[in-house]
Amino acid sequence: MNRFEKNMTQVASKIRLTTIQKHQLRERLLSYMAYHPLPEALKAHPAAGFFSYAEFTFFIQSWRGRTGAVLAALVLAVGIPAVAERSVPGDILYPVKVRVNEEVLAQLSLSPYEKLEWETRRVERRIAEARLLAKEGKLTEEVEAQITETVKEHTASAEKELATLRESDADGAEVAQVVLESALDVQSAILADSASSSPASDVGGLVTAVEDAKATLVAGTKTSGSISSYNRFVTRIEESVSHAHERFSAVEPSMTDVERDQISSKLSTIGERLNAARELHEADTTRDAIRHLKLVLRDSQKVIAFITDIEVRQSVALENLVPETTIEEERIAHIEALRGVLQGTLASLASTTSSTVPQEETEATLLKGNEYLVSIEAALNEGVIADAEALEEEIRAFIESLTPPREGEVLGTTTDSGVPASE
Amino acid sequence: MAKRTSPADEAIGSHEERFLKAFDEYADALFRHATIRLSDRERAIELVHDAFTKAWGYVRGGNEVEAYRPFLYKILGNLIIDEYRRRKVDSLDAMLEEEGIDSGRFKELQEGSLDETLDRLDALLAIEAIQTLPVIYRETLTLRFVDGLGPKEIATLIEETENVVSVRLNRGIKLLKDAVSNKK
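Residue numbers (our numbering), protein chains in the order written: chain X, 140 to 562; chain V, 321 to 504.
Hints listed in this document are in silico derivations from the structure and should not be mistaken for laboratory results.
Heads up, some of the hints might be wrong.
Said to hold, decoys possible - Straight-line C-alpha distance at most 27 Å; calculated DSS-like pairs for lysine-lysine: (1) X/Lys153 to X/Lys236; (2) V/Lys494 to X/Lys153; (3) X/Lys145 to V/Lys374; (4) X/Lys153 to V/Lys394; (5) V/Lys472 to X/Lys145; (6) V/Lys497 to V/Lys374; (7) V/Lys472 to V/Lys497.
Said to hold, decoys possible - Here's a subset of chain X near chain V, in silico, CB distances under 8 Å, partners left out: (8) Arg155; (9) Thr158; (10) Ile159; (11) His162; (12) Ser307; (13) Leu419.
Stated by the list, open to error - To give an idea of the interface, some chain V residues facing chain X are shown, with a C-beta separation under 7 Å as derived from the structure: (14) Thr355; (15) Ser359; (16) Arg406.
Glycine residues also receive a C-beta, built at the ideal position from the N, C-alpha and C atoms.
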C-alpha cells in the first residue's frame, strides 16, 4: 500500500491552486475578515497599536502598502520628490512629480489591475492640479491643453491596461471597469463644478477628455453571468463598504449633521442593494445580480470619494454625485447610454466614404444598426428593459465590428491606438 | 475534534494570525480534496472560500478552534455534501445513510490482496477514476489516499465507525480498480 500511497500523493500534489488563485483567495478572505471583524473582546493587542493583523497584512499586501513604502524611502532619501508632490504645472519641480515620482510608482504597479488603478489616480491628480490652477486664475489655455493631453494619455493607458486585464482576468476587468467609470464620474462632477464656479477658466477641454474616456468605457462594457464574476464583485464591494465605514467613522466628527445623515443613508441603501443582489444570485439570476452589483460598486466608490476627499465634498452635493435612483432607472440609463454610442457609431459610419467597401455593404450595415435602434426604442417605450438588455451583447459586438475604420476610408475616424488617422 | 495542536499553532498568538496561518497551510490541500470530489476546480475554489469564511464565523462567535485541519475538513465535507444535494445527485441520502455493513462479506479484499490490488493501480488513472465513483466512496478514498488520513481520523471526521470506514475503503478500492481497468 505504501508505494500506491506515495504515487497518489505525488500525482495529487499537482492538483493545487495557482499562485494567482491562492493570492486572490487570500485577498478575498482578508476583505471578508475586514468586513466581518472580530468583536473587541476577541481582538489581540495589535503590535503597532494602529492596525489589526488582518488590516496590517492587507495594507502591506495591497499596492498602496507597497507604494507607501517606496514613497517613504524617497522622502528619507531625498526631500525633493516629497516637495515636488505639491507642485502644479508651471512649477520647477513639476517634472519631478510627473516623470520621477509617478513613473517610479507606475513601475511598482505589477499587475494590470494595479497599473489601471494607478493610471486612474493619475487622472485624478491632473484634474486636481487643473482645478487648483483654475481657482487661482492661473489655468491658461496652454496649461489646460497640456493637462488635457496628459489626462488623455492616462485614460488611454488605463483603457489599455483594462484591455490587457480582459484577456487574463475577465472577471477582474469587469470589476476594474466599474471602479474606473466611478472615478471618471466623480471627476466629471468636480469639473462641472469648476466650470460653473470659475467661468473665466475654461476647463472644457478637460471635460471633453473625461467624457470621451467614459464613452469609450461604456462601449466596451460586457456583463458576465458567471459565479466567479459575481464573487469578485461581492468581494470588492465588501472591501469598499468596509473602507467607507472606516473612513466615515474617522471623519464623522468633522462633518455636518446633514452630511452625516446623507452618508449614513447612502451606506444603508448600498447594503440593501447588496442584499438584493445576493437574493437574485440565490434565485439563479446571476447576470441580473451582477448588474445590481455593478451599480452598488459604482455608488460605493463614489461615496468613498465623497467621504475621503474634502475637495469632492466641497464641490459636489452627495445627492448629485450618487443620485437616488431605482435599479430600474439605472438600467434604463445604461441602455440609453448604449443607444447613444450606437447612434454615434452609425452617424460616423454614415458620414465617411470608403473607396474599398461597396456602398451596398455600408447601407446594409446602417440598416442593421437602425434595426437595433428601433429595438432599443421599442423596449424603452414599452418599459421592457430586459428586451434591450438581451440584445446588449449583440449590439456591442456590432459596434465593435465597426471600429477600427476599414481600409481606405477618408479621414475623420481614429485608428486602434486612438491617434487620428492623419498623424 | 481531536485535541491536536501543532507546535506552529502554539507559537502563534491572535485568532487572526492562526486563521491566516491555517489558510496558508491548508488551502491547497482543501482545494485538492474538493476538486477531486467535485471534478470542478472553480466550484472547489468557492467551497474552499466558503469553508474558511464559515470557520471565521465560528471564531467570531467566540469559539476556540483547537486544530484547524480537521475542523476545516469537516466544514468542507459538509459543503461538498450540500453541493451534491444542489446538483441533485441520485440516491445521495441513501448512500449517506448506508449502515451496518458486515466487513466479513469482503473476504476477497483481505489486507494482502488489497496491497496487490493497489500496487497495480496507476496513480494518475486512479485520481481520474476517483472522480467517476459514487460520491460516498469518493470521500473516503480521497481522505485516505489524497489527504493521507488514517481510517481512525477519517472515522472521526465523517462521524462513522472505523468499521464502516474500512468497508467503504475496501469497496471503494474495488470500484476504483474496475474503473481504472476500464480507462486502460
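Item to complete: For the pair we were handed, V/Lys472 and V/Lys497, check the Cα-Cα distance against 27 Å.
Response: 23 Å, holds
Discussion item. Tell me if the interface restraint on X/Arg155 is satisfied: Cβ within less than 8 Å of some Cβ in chain V.
Written reply: 5 Å, holds
Discussion item. Please check whether X/His162 passes as an interface residue: C-beta within 8 Å of a C-beta belonging to chain V.
Written reply: 11 Å, violated
Discussion item. Hint validation: V/Ser359 versus chain X, beta carbon distance must be below 7 Å. Holds or violated?
Written reply: Because about 11 Å separates V/Ser359 from the closest Cβ in chain X, which is outside the 7 Å limit, the hint is violated.
Worksheet item: Can the hint on X/Leu419 be confirmed by a CB-to-CB distance to chain V that is less than 8 Å?
Response: 17 Å, violated
Discussion item. For a C-alpha distance cap of 27 Å, please report whether V/Lys494 and X/Lys153 respect it.
Written reply: 25 Å, holds
Worksheet item: Does the nearest C-beta of chain V fall within a distance shorter than 8 Å of the C-beta of X/Ile159?
Response: 11 Å, violated
Worksheet entry | chain X contact restraint on V/Thr355 - CB to CB distance below 7 Å | 5 Å, holds
Practice prompt. Classify the hint on X/Thr158 as holds or violated, based on whether any CB of chain V lies nearer than 8 Å to its CB.
Written response: This hint is violated: X/Thr158 lies away from chain V, its Cβ roughly 11 Å from the closest one there, beyond 8 Å.
Discussion item. Just to be careful, I want the Cα atoms of X/Lys145 and V/Lys374 compared with a cutoff of 27 Å; is the pair within it?
Written reply: 32 Å, violated
Discussion item. Next item in the hint list is X/Ser307. Is there a CB on chain V closer than 8 Å to its CB?
Written reply: 16 Å, violated
Worksheet item: If you take the shortest Cβ to Cβ gap from V/Arg406 to chain X, is it below 7 Å?
Response: This hint is violated: V/Arg406 lies away from chain X, its Cβ roughly 11 Å from the closest one there, beyond 7 Å.
The structure fails to meet hints 1, 3, 6, 9, 10, 11, 12, 13, 15, 16 from the earlier list, while all remaining hints are met.
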